[in-house]
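Okay, so the sequence shown: first residue is 14 according to the numbering used here, each after it adds one.
No lab work stands behind these hints: they were computed from the structure. Computed from a prediction, not measured in an experiment: that's the story for all the values here. Here a beta-carbon is modelled for each residue, glycine too, at the ideal position from N, C-alpha and C. Just so you know, not all the hints are guaranteed correct.
To be verified - Taking CB as the label site, the calculated pair distances span:
#  : residue 1 : residue 2 : range
1  : Arg-42    : Thr-67    : 33 to 41 Å
2  : Asn-84    : Gln-55    : 42 to 50 Å
3  : Ser-53    : Asp-24    : 41 to 49 Å
4  : Ser-49    : Glu-27    : 30 to 38 Å
5  : Ala-63    : Glu-25    : 50 to 58 Å
6  : Ser-50    : Glu-21    : 52 to 60 Å
7  : Gln-19    : Ala-58    : 53 to 61 Å
8  : Thr-95    : Asn-60    : 46 to 54 Å
9  : Phe-90    : Ser-54    : 37 to 45 Å
10 : Val-86    : Glu-52    : 50 to 58 Å
11 : Phe-94    : Asn-64    : 43 to 51 Å
12 : Asp-24    : Leu-47    : 49 to 57 Å
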Amino acid sequence: MLKFAQSEYVDEMEAVRREQERHVTILHRNFHNLQSSLESSQQAAANKVANHLTDNQTLLNEVNNLRMEVNHVQSSFFRIFTFDDVYLG
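Starting from the given sequences, assemble the full structure and let the hints guide the process.
Right under this line is the structure:
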C-alpha cells in the first residue's frame, strides 16, 4: 500500500513538473512573440519618422522655391513701377 502511495505521489509530481514545463514553454513563446511585435512596431515607427522627414524636406524645398519666385515677382513689379515713375511720371 505504501509503495502504491509513493508511486501515485511520483506520478503526481511528474505531472506537476510537465505542467510547469508546459507553462514555461508557453511563457517563452509569448515573450518571443511580444519581443518580435515590439521590434516590428519600432521599425514601423522609425520608417514613419523617416517618411515624415522626407516629406518635410520636400515641403521645405517647395516653400523655398515659392519664396524665391515671390521675391522675383516683387522685384519685377518694383522695376516696372520704378520705370513708370522715372520715365512716365
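Now for the hints, and whether the structure bears them out:
1. Arg-42 / Thr-67: 33 to 41 Å: Holds: the Cβ-Cβ distance is about 37 Å, inside 33 to 41 Å.
2. Asn-84 / Gln-55: 42 to 50 Å: holds, 43 Å
3. Ser-53 / Asp-24: 41 to 49 Å: holds, 43 Å
4. Ser-49 / Glu-27: 30 to 38 Å: holds, 33 Å
5. Ala-63 / Glu-25: 50 to 58 Å: holds, 57 Å
6. Ser-50 / Glu-21: 52 to 60 Å: violated, 43 Å
7. Gln-19 / Ala-58: 53 to 61 Å: holds, 58 Å
8. Thr-95 / Asn-60: 46 to 54 Å: holds, 52 Å
9. Phe-90 / Ser-54: 37 to 45 Å: At roughly 53 Å between Cβ atoms, Ser-54 and Phe-90 fall outside 37 to 45 Å, so the hint is violated.
10. Val-86 / Glu-52: 50 to 58 Å: Distance hint for Val-86, Glu-52 holds at roughly 51 Å.
11. Phe-94 / Asn-64: 43 to 51 Å: Distance hint for Phe-94, Asn-64 holds at roughly 45 Å.
12. Asp-24 / Leu-47: 49 to 57 Å: violated, 35 Å
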